[in-house]
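Q: In the order they appear, the protein sequences are chains A and B. Each residue of the first sequence is one higher than the one before, counting from 1 in the working numbering. Each residue of the second sequence is one higher than the one before, counting from 1 in the working numbering.
Source of the hints: derived by calculation from the structure; they are not laboratory data. Some hints here could point you the wrong way.
Which copy is meant is left open, so a pair is good if it fits within one copy or across any two.
Computed cross-link-like contacts, PhoX-like style, restricted to lysine-lysine with a CA-CA straight-line distance of at most 25 Å [unchecked claim]:
hint, residue 1, residue 2
1, K97, K5
2, K65, K52
3, K376, K65
4, K5, K168
5, K97, K25
6, K65, K218
7, K390, K97
8, K97, K28
9, K263, K97
10, K376, K63
11, K65, K200
Note that this is a predicted model, so its numbers are computed, not measured.
Listed here are the chains, written in short residue letters.
Protein chains: 2
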Amino acid sequence: MFSEKIVDNLTKSSWIRAMFEEGEKLRKIYGADKVFDFSIGNPDPEPPEVTKDTLKRLVLEDKPKMHGYMPNAGYPDVREKVAIQISKETNVPLTMKNIVMTCGAGAALNVALKAILNPGEEVIVFAPFFVEYLSYIDNNGGKGVIVKSNKDTFEPDINALEASITPKTKAVIVNTPNNPTGVVYSESILKNMAEVLKKKEKEFNTTIFVISDEPYRKVVYDNIKLPSALKIFENSIMVDSFSKSLSLPGERIGYIAVSPYIKDVDLLIDAIVYCNRVLGFVNAPALFQKVIAESVDTSVDINIYKERRDLLYNSLIKMGYSCIKPQGAFYLFPKAFIEDDIEFKNRALKYNLLLVPGSGFYCPGYFRISYCVSLKTIENSLPAFEALAKEFI
Amino acid sequence: MFSEKIVDNLTKSSWIRAMFEEGEKLRKIYGADKVFDFSIGNPDPEPPEVTKDTLKRLVLEDKPKMHGYMPNAGYPDVREKVAIQISKETNVPLTMKNIVMTCGAGAALNVALKAILNPGEEVIVFAPFFVEYLSYIDNNGGKGVIVKSNKDTFEPDINALEASITPKTKAVIVNTPNNPTGVVYSESILKNMAEVLKKKEKEFNTTIFVISDEPYRKVVYDNIKLPSALKIFENSIMVDSFSKSLSLPGERIGYIAVSPYIKDVDLLIDAIVYCNRVLGFVNAPALFQKVIAESVDTSVDINIYKERRDLLYNSLIKMGYSCIKPQGAFYLFPKAFIEDDIEFKNRALKYNLLLVPGSGFYCPGYFRISYCVSLKTIENSLPAFEALAKEFI
Numbered sequence: 001m002f003s004e005k006i007v008d009n010l011t012k013s014s015w016i017r018a019m020f021e022e023g024e025k026l027r028k029i030y031g032a033d034k035v036f037d038f039s040i041g042n043p044d045p046e047p048p049e050v051t052k053d054t055l056k057r058l059v060l061e062d063k064p065k066m067h068g069y070m071p072n073a074g075y076p077d078v079r080e081k082v083a084i085q086i087s088k089e090t091n092v093p094l095t096m097k098n099i100v101m102t103c104g105a106g107a108a109l110n111v112a113l114k115a116i117l118n119p120g121e122e123v124i125v126f127a128p129f130f131v132e133y134l135s136y137i138d139n140n141g142g143k144g145v146i147v148k149s150n151k152d153t154f155e156p157d158i159n160a161l162e163a164s165i166t167p168k169t170k171a172v173i174v175n176t177p178n179n180p181t182g183v184v185y186s187e188s189i190l191k192n193m194a195e196v197l198k199k200k201e202k203e204f205n206t207t208i209f210v211i212s213d214e215p216y217r218k219v220v221y222d223n224i225k226l227p228s229a230l231k232i233f234e235n236s237i238m239v240d241s242f243s244k245s246l247s248l249p250g251e252r253i254g255y256i257a258v259s260p261y262i263k264d265v266d267l268l269i270d271a272i273v274y275c276n277r278v279l280g281f282v283n284a285p286a287l288f289q290k291v292i293a294e295s296v297d298t299s300v301d302i303n304i305y306k307e308r309r310d311l312l313y314n315s316l317i318k319m320g321y322s323c324i325k326p327q328g329a330f331y332l333f334p335k336a337f338i339e340d341d342i343e344f345k346n347r348a349l350k351y352n353l354l355l356v357p358g359s360g361f362y363c364p365g366y367f368r369i370s371y372c373v374s375l376k377t378i379e380n381s382l383p384a385f386e387a388l389a390k391e392f393i
Numbered sequence: 001m002f003s004e005k006i007v008d009n010l011t012k013s014s015w016i017r018a019m020f021e022e023g024e025k026l027r028k029i030y031g032a033d034k035v036f037d038f039s040i041g042n043p044d045p046e047p048p049e050v051t052k053d054t055l056k057r058l059v060l061e062d063k064p065k066m067h068g069y070m071p072n073a074g075y076p077d078v079r080e081k082v083a084i085q086i087s088k089e090t091n092v093p094l095t096m097k098n099i100v101m102t103c104g105a106g107a108a109l110n111v112a113l114k115a116i117l118n119p120g121e122e123v124i125v126f127a128p129f130f131v132e133y134l135s136y137i138d139n140n141g142g143k144g145v146i147v148k149s150n151k152d153t154f155e156p157d158i159n160a161l162e163a164s165i166t167p168k169t170k171a172v173i174v175n176t177p178n179n180p181t182g183v184v185y186s187e188s189i190l191k192n193m194a195e196v197l198k199k200k201e202k203e204f205n206t207t208i209f210v211i212s213d214e215p216y217r218k219v220v221y222d223n224i225k226l227p228s229a230l231k232i233f234e235n236s237i238m239v240d241s242f243s244k245s246l247s248l249p250g251e252r253i254g255y256i257a258v259s260p261y262i263k264d265v266d267l268l269i270d271a272i273v274y275c276n277r278v279l280g281f282v283n284a285p286a287l288f289q290k291v292i293a294e295s296v297d298t299s300v301d302i303n304i305y306k307e308r309r310d311l312l313y314n315s316l317i318k319m320g321y322s323c324i325k326p327q328g329a330f331y332l333f334p335k336a337f338i339e340d341d342i343e344f345k346n347r348a349l350k351y352n353l354l355l356v357p358g359s360g361f362y363c364p365g366y367f368r369i370s371y372c373v374s375l376k377t378i379e380n381s382l383p384a385f386e387a388l389a390k391e392f393i
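Just chain A, with the same shape it has in the complex (with noise of 0.2 Å):
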């Protein structure tokens, strides 16, 4: 009666459901200060002051028609500002014209795979992997093609990679700092990535597009910098969100920057406008557009994140968990003590503690700490980790 497909994924994904259900059942019981939620990345830090500051005066001034319909590409002025920064962070020579305003990351990414898929065309992901791009994938016409990474370093497996580029190969979906992992891609791996795309697009006399999913660009840790894919790569569309720069995930506010290296950019750029009218996002909220805009050379405290990281790895660490100690995103990726994940994430639940495992990012064998939460909590949780940890080793 309804769409064959969708009800059978929601199937298949109903054990994550089943672990929202667990944990409300948990605090039921147990009381909420005493559940151990490790599973939702949703931020915690409070907006920066000039964000919160900026809303509040833009909202006092009540400007005519500030809620109006602005171009589908959003406001001139927000996207010259974002093209500004991104040039001055990139050394990419970006103007308002290679930016679209979008309703967050996940608009991006349909807005770019709708805008140069053609039906049955391959897009490369990396495992582990946030799953919903296989959806993007597909909403889109394309096939998903996954390729592993490096279990040492969860850097991608280049030669997995080369391998895995077949005519048909129209993107590679790449996603630094990394969610599950948290781990940021070197630049020497993506240098030998875009060697082997250059290679392959010789040699098959295609275009591959990297679309570079950055919406943890600002969560990175001990002064590294992060290798920027619009530099890398010619063919680069990149993508960001303010859901954890500026704390604002329920907003839905990101961009496109469309690197002016590309072909035809032009067109390329026409169309994605294109694509944000007809896939129904029409444009990125208005008011937050503003509100962006005099906020896009700042961030939430990344110290927050920061600590509880070094809480959380250094604790794990020496409990007899192992783990790559990751210099980006709130998440950590450590190896379960048995190959089962789900069983070691039901194990878990017995101590309160809720985990994602690896197995719902394409990586059984692993799981997922999603460090949104207190220190407090972090402290709290750290006797259920190692009881946890006491029944394997």
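Use these hints to put chain B onto chain A, whose structure you have.
A: Frame of chain A; chain B shown alone:
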């Protein structure tokens, strides 16, 4: 190099862009006040005071996590308020569960279609219609089937509808008050439609959904009561946005109301919420969900639009134009004096009149006037309309 279909569509839709550019050119030459732009449906009355006041209050209150994620279906308290209001207006018993908040009606339509369509299933639209319906249907794997309206009333031709229904018919999109005609479908025509659908559902042993796109539902004149699709059609999915009722089109806020009478309605609602997520909308913008929750029972001053309709309609009729007097939305859809409506649009341009040809709505020989302009602009435009008419009569 990009999506061939999208690039092809871009070329086809370029006359809209050409028109926009034409307008910009005219404004530069003659000044904005000398150009009469009736092309864009961008509501110009300001939002109601209660809406603005709620926005101010919420922003100044600045509650923690107010810009964070909420369930994909929207805030429960907001869904509750919408459910209560729509139940009251339609006499259909809705609960929070039946309401899914969306990024405007464009999102809602895509989400609803995605949730029900299997590949190649057919969706009927009545010409003239908002042309993006065809994109929305195509985005989600369906096939658009165009059924004509009765030219005397611009209501659906029920015989033509009956003849167009096949075993593959999955949905009918109904849009009343209508864009581009402004016509409000009568209760009797909708009841006839419901009978035909029931008969065909029995004949083919299928379910045919009525997707009722109602963004203009509050913009009705002459004290008429808008017949409710939710009440008349058992298998109905109502789609609404606050773009027109509260003049918030740039903020992308709307909802889906699912009829409680649909078989397996809970599964459909799950599918809709899932599609809201995987299509990349994720959730309706957080702040504006809370804003509209306090304004579900109000609207902008409809009298503003009614005055414009009356002035324009009465003047055009006196000049010799032929036009159905519409009882809703903010459009007139008069007959062009010549069959070639593109040529007619070009002739109008000579008088600095920007009109949209009916071909843009799959109804050649007519043109659309959007009266989202001040009464003063309408007054100033009348000599131009008159001079244009005199060319033909």
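Q: Now tell me, hint by hint, if it's right for this structure.
A: Cross-check of the supplied hints:
1. In this assembly of identical chains, the alpha carbons of K97 and K5 lie at most 25 Å apart only when taken from different copies (23 Å versus 38 Å within one copy).
2. With identical chains, the CA atoms of K65 and K52 are at most 25 Å apart both within one copy (21 Å) and between copies (12 Å).
3. In this assembly of identical chains, K376 and K65 lie within 25 Å of each other by CA distance solely across copies; the values are 18 Å between and 45 Å within a copy.
4. For the identical chains of this complex, K5 and K168 are neighbours both inside a copy (24 Å) and across copies (17 Å), given an alpha-carbon limit of 25 Å.
5. Taking identical chains as interchangeable, the C-alpha atoms of K97 and K25 lie at most 25 Å apart only when they sit on different chains, with a minimum of 20 Å there against 50 Å within one chain.
6. Taking CA atoms no more than 25 Å apart as the test, K65 paired with K218 passes between copies only; the shortest distance there is 20 Å, against 32 Å inside one copy.
7. Taking the shortest alpha-carbon separations for K390 and K97, neither the intra-copy value of 57 Å nor the inter-copy value of 43 Å comes in at or below 25 Å.
8. Only between protomers do K97 and K28 lie at most 25 Å apart by alpha-carbon distance; the minimum there is 21 Å, versus 51 Å within a single protomer.
9. Only within a single protomer do K263 and K97 lie at most 25 Å apart by alpha-carbon distance; the minimum there is 15 Å, versus 48 Å between protomers.
10. For the identical chains of this complex, K376 and K63 are inter-copy neighbours only, at 21 Å across copies versus 43 Å inside a copy, given an alpha-carbon limit of 25 Å.
11. For the identical chains of this complex, K65 and K200 are neighbours neither inside a copy (49 Å) nor across copies (46 Å), given an alpha-carbon limit of 25 Å.
Figure legend: structure checked against the earlier numbered hints; hints not met, in rising order: 7, 11.
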